[in-house]
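Just so you know, the protein sequences line up as chains A and B, in that order. FYI, the numbering for the first sequence is 253 to 712, going by the working numbering. FYI, the numbering for the second sequence is 253 to 712, going by the working numbering.
Please note that the accuracy of each hint is not assured.
Because identical chains cannot be distinguished in the list, a pair is counted as satisfied if it fits within a single copy or across any two copies.
Quick list of in silico lysine-lysine cross-link-like pairs, DSS-like style, CA-CA up to 27 Å [as the list claims (entries may be wrong)]: (1) Lys689 to Lys355; (2) Lys476 to Lys313; (3) Lys303 to Lys580; (4) Lys378 to Lys580; (5) Lys313 to Lys303; (6) Lys355 to Lys686; (7) Lys415 to Lys640; (8) Lys378 to Lys640; (9) Lys378 to Lys641; (10) Lys580 to Lys415; (11) Lys686 to Lys712; (12) Lys641 to Lys712; (13) Lys355 to Lys476; (14) Lys355 to Lys636; (15) Lys640 to Lys689.
Honestly, the hints are just simulated from the structure, not real lab data. As the structure is a computational prediction, the values presented were derived from the model and not from experiment.
2 protein chains.
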Amino acid sequence: MAHPVKIAVVGAGSAVFSLGLVKDLCLTTNLAGSTVSLMDIDKDRLDVIHKLGERYAGELKANVTFEKTMNRREALTDADFVINTALVGGHDQLGEMRQIAQKHDYASLHPLTGMGSITPAFPQFKLMLDVAHDMMEVCPEAWLIQSGNPVFEGTTLMSRQTKVKVIGLCHGHYGYRVVARLLGVNPDEVSWVAPGLNHLIWLTDFRYKGEDLYPLVDDWIATKSEAYWRDREANPDKYGPEDYMSRAVIDQYRRFGLLPVGDATRGGGWWYKTDLATRQYWYGPTGGFGSELEAPPRLARLARQVARIREVACDESHPVLEAFPPVKTSEQQVLIIDALTNDVTGQFQINVPNQGALLGVPDDVVTEIPAIIDKGGIHRIHVKPLPKKIMLEVIQPHILAMEWMLEAYLTGDRRMLLDGLLMLNTYHGGAQTKSYKQAAEFLDEVMALPFNRELAQHFK
Amino acid sequence: MAHPVKIAVVGAGSAVFSLGLVKDLCLTTNLAGSTVSLMDIDKDRLDVIHKLGERYAGELKANVTFEKTMNRREALTDADFVINTALVGGHDQLGEMRQIAQKHDYASLHPLTGMGSITPAFPQFKLMLDVAHDMMEVCPEAWLIQSGNPVFEGTTLMSRQTKVKVIGLCHGHYGYRVVARLLGVNPDEVSWVAPGLNHLIWLTDFRYKGEDLYPLVDDWIATKSEAYWRDREANPDKYGPEDYMSRAVIDQYRRFGLLPVGDATRGGGWWYKTDLATRQYWYGPTGGFGSELEAPPRLARLARQVARIREVACDESHPVLEAFPPVKTSEQQVLIIDALTNDVTGQFQINVPNQGALLGVPDDVVTEIPAIIDKGGIHRIHVKPLPKKIMLEVIQPHILAMEWMLEAYLTGDRRMLLDGLLMLNTYHGGAQTKSYKQAAEFLDEVMALPFNRELAQHFK
Numbered sequence: 253m254a255h256p257v258k259i260a261v262v263g264a265g266s267a268v269f270s271l272g273l274v275k276d277l278c279l280t281t282n283l284a285g286s287t288v289s290l291m292d293i294d295k296d297r298l299d300v301i302h303k304l305g306e307r308y309a310g311e312l313k314a315n316v317t318f319e320k321t322m323n324r325r326e327a328l329t330d331a332d333f334v335i336n337t338a339l340v341g342g343h344d345q346l347g348e349m350r351q352i353a354q355k356h357d358y359a360s361l362h363p364l365t366g367m368g369s370i371t372p373a374f375p376q377f378k379l380m381l382d383v384a385h386d387m388m389e390v391c392p393e394a395w396l397i398q399s400g401n402p403v404f405e406g407t408t409l410m411s412r413q414t415k416v417k418v419i420g421l422c423h424g425h426y427g428y429r430v431v432a433r434l435l436g437v438n439p440d441e442v443s444w445v446a447p448g449l450n451h452l453i454w455l456t457d458f459r460y461k462g463e464d465l466y467p468l469v470d471d472w473i474a475t476k477s478e479a480y481w482r483d484r485e486a487n488p489d490k491y492g493p494e495d496y497m498s499r500a501v502i503d504q505y506r507r508f509g510l511l512p513v514g515d516a517t518r519g520g521g522w523w524y525k526t527d528l529a530t531r532q533y534w535y536g537p538t539g540g541f542g543s544e545l546e547a548p549p550r551l552a553r554l555a556r557q558v559a560r561i562r563e564v565a566c567d568e569s570h571p572v573l574e575a576f577p578p579v580k581t582s583e584q585q586v587l588i589i590d591a592l593t594n595d596v597t598g599q600f601q602i603n604v605p606n607q608g609a610l611l612g613v614p615d616d617v618v619t620e621i622p623a624i625i626d627k628g629g630i631h632r633i634h635v636k637p638l639p640k641k642i643m644l645e646v647i648q649p650h651i652l653a654m655e656w657m658l659e660a661y662l663t664g665d666r667r668m669l670l671d672g673l674l675m676l677n678t679y680h681g682g683a684q685t686k687s688y689k690q691a692a693e694f695l696d697e698v699m700a701l702p703f704n705r706e707l708a709q710h711f712k
Numbered sequence: 253m254a255h256p257v258k259i260a261v262v263g264a265g266s267a268v269f270s271l272g273l274v275k276d277l278c279l280t281t282n283l284a285g286s287t288v289s290l291m292d293i294d295k296d297r298l299d300v301i302h303k304l305g306e307r308y309a310g311e312l313k314a315n316v317t318f319e320k321t322m323n324r325r326e327a328l329t330d331a332d333f334v335i336n337t338a339l340v341g342g343h344d345q346l347g348e349m350r351q352i353a354q355k356h357d358y359a360s361l362h363p364l365t366g367m368g369s370i371t372p373a374f375p376q377f378k379l380m381l382d383v384a385h386d387m388m389e390v391c392p393e394a395w396l397i398q399s400g401n402p403v404f405e406g407t408t409l410m411s412r413q414t415k416v417k418v419i420g421l422c423h424g425h426y427g428y429r430v431v432a433r434l435l436g437v438n439p440d441e442v443s444w445v446a447p448g449l450n451h452l453i454w455l456t457d458f459r460y461k462g463e464d465l466y467p468l469v470d471d472w473i474a475t476k477s478e479a480y481w482r483d484r485e486a487n488p489d490k491y492g493p494e495d496y497m498s499r500a501v502i503d504q505y506r507r508f509g510l511l512p513v514g515d516a517t518r519g520g521g522w523w524y525k526t527d528l529a530t531r532q533y534w535y536g537p538t539g540g541f542g543s544e545l546e547a548p549p550r551l552a553r554l555a556r557q558v559a560r561i562r563e564v565a566c567d568e569s570h571p572v573l574e575a576f577p578p579v580k581t582s583e584q585q586v587l588i589i590d591a592l593t594n595d596v597t598g599q600f601q602i603n604v605p606n607q608g609a610l611l612g613v614p615d616d617v618v619t620e621i622p623a624i625i626d627k628g629g630i631h632r633i634h635v636k637p638l639p640k641k642i643m644l645e646v647i648q649p650h651i652l653a654m655e656w657m658l659e660a661y662l663t664g665d666r667r668m669l670l671d672g673l674l675m676l677n678t679y680h681g682g683a684q685t686k687s688y689k690q691a692a693e694f695l696d697e698v699m700a701l702p703f704n705r706e707l708a709q710h711f712k
């Protein structure tokens, strides 16, 4: 029996994300009769997504109504669920930041998390808090599904500063499937547990039909890894731009005794990233996520996808179902909405305040953990502790960096940004500043960017 | 009424420290009839201190008996108090380490604390645990007064691994007296509170006859600091080798809103220490503690003091009271023994497991805090919290580094030492490693030192 709901999508102009959402919603009969309020500050992008949604529902004869608005409060009114996927400034600003970082010799500055990421993390914090505060006034009972980065820092911030019921989502954990296939087993028959912080999760449990897969991992490393890496180097086009079993991943496995999974495979330490050649050795031919070889084609690919979605949406003569076949994505947003609304209990990988689920993490810090979700809400599954070495070298430094970022943001203390650039190192690279001058000049240049005017005023 | 006790001194060959202890003991009539068992593995140094003690007590007609032994368990037998002042390898090994660090371009490696200090921190841990374990068997009711570095890490380790009643002591907090004099007020009429971790304490309360001294600090900075720094530069001999109101101290005050005091004034960040000229700007003409201008003369001065003590102790024709007048030191060891033994309640600055005294520090981490000590034991005085910025930028990173060191030590995991060199930055400088190769080669060279053979075996 269908329970219609109202879903508000903040930042609906994110075309690729919204296409997936449209498909999943139209294909979920449990949610028939629902209304989706698409909201964006970019009218043009909003129109495209709205048209796509209407046409998709129409062709599929799905009973989903798509509305559009540029007024956030209007979108939130009477919402049962709010999905926030907005990225302030979009990918262009990210790219500009990356260039300035490189100019100032910050090779391994992570673009979204860690203190190095002056922007867009702080504008994202502001937006997230604005959405959460609006929800407290307009739809206090609604669930907020945070789908834009930085999930870890932002979800922690919102859950501390407001009473909003928030769940942070990411898709990094699906990396276990790539590893399973490399090991030669069917991912659908694999069970796994990978707790941690968002972008920093570790396979504490990894089984195929109940049997521990780690012996197979050891065997793969001993007998197949070298040939695999050589093949990647010889035939880069055969593989994706990121390697979930790179030398960096295996080195981390040797250091910590567990496999990092998903976005965690992009980390390990700044010394894997000191220059392109070093990156290529550790992360494969593209140099891994965020390198000068990986980022431009990824952004170009994204731009082509966006252009394609626009083209299809606006070409009434072209059936959208043909361009984008009606197959559900692997994203969790709609499944979770369904589980919270209807009688379809499920297990998910979510980011919520820890509340004791992972030993050694304070209750009010958001961890990425498995949880059962049903009409009664979310039910954290307590996980076995991570090895102390991972806690000390990865989790705790990252929590410290998060607390540092949040305190800097909440106080507007610019010196904390500078100190962070000077002192913080995290698993994803950190700043690794070489001189005081370097950090101060980088910070000044970032703050002087036209799109950072508000940020510069906030950080006195 | 005197209550005689037995005091064991481990590492009694530390001549300067032991001279002070001999004086304080001989001048404390409450402890008349006490026995002091001097213990050292260096027979020659031990003989000198023993002779000094016997002659000092004899000339002063003090009722204190000095015994000597090279057997630690013999010294500990029936002890009421154990003072551990031993430094494995002594200052020569420290100097050798400092040279290797400089060769590998580690300008700001702190010699005793932080992960950079592979040695002698770890040999010190071993010795501390050996002493504490011996005490558990030989004199389980005795108090251990830990007087050798690293006090923070070592005292935390011993208090977790054994049931020993341990108090860590340092004299850094007396730095408030230098600051008071610079401000033109009588240090004897100053009240102060300076909690934190050992070597990282901050004046949260600083009063002259009850009036807050911070406005006077602000006035001094605005009107007198520049002239003072110029005078130090023009007349370095007029001042001591360390500046407790250096530009680095004032910069830290501006960053954190409180004055760091004592050994905390030596820190602030690696960027104050990138080369000698930078050090001299921030810490004064010698470049501050540990610089190539400060360390050699300090070690030479120490060597001269040691030679002088030896000379006097061995020259029976020379009255020791004349060479070393009977005036008590400002050290707390004997005062605390007196307070724990007799009816003389006192307030002290001690290092003990936090147990809630300083907000935000786990119970089982040793903090430096004020405490009332009497026959009933130690009574922590809860202090007001440190500013969140100090907790985030100073205290918590230092606790993390301590936990990292202890875990590395307890597991013998050599990779944790390397990772620490690569990733840890602390307030006292940290490693600030520029390349993986640099860290790996430095670690290898340190581990290959003849005096580190045992260490290299421990860290597989």
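Verification of the hints:
1. Lys689 to Lys355: both (13 Å within a copy, 24 Å between copies)
2. Lys476 to Lys313: For Lys476 and Lys313, the Cα distance exceeds 27 Å both inside one copy (49 Å) and across copies (81 Å).
3. Lys303 to Lys580: within (19 Å within a copy, 87 Å between copies)
4. Lys378 to Lys580: neither (32 Å within a copy, 60 Å between copies)
5. Lys313 to Lys303: within (15 Å within a copy, 101 Å between copies)
6. Lys355 to Lys686: Both, since 13 Å and 18 Å are each at most 27 Å.
7. Lys415 to Lys640: between (32 Å within a copy, 23 Å between copies)
8. Lys378 to Lys640: between (34 Å within a copy, 21 Å between copies)
9. Lys378 to Lys641: between (34 Å within a copy, 21 Å between copies)
10. Lys580 to Lys415: neither (32 Å within a copy, 60 Å between copies)
11. Lys686 to Lys712: Answer is within: at 24 Å inside a copy they meet the 27 Å cutoff, but 31 Å across does not.
12. Lys641 to Lys712: Answer is between; shortest inter-copy Cα gap is 16 Å, intra-copy 38 Å.
13. Lys355 to Lys476: neither (39 Å within a copy, 40 Å between copies)
14. Lys355 to Lys636: neither (43 Å within a copy, 44 Å between copies)
15. Lys640 to Lys689: Result: close only across copies, 26 Å inter versus 36 Å intra.
Hints 2, 4, 10, 13 and 14 from the list above are not met by this structure, while the remaining hints are.
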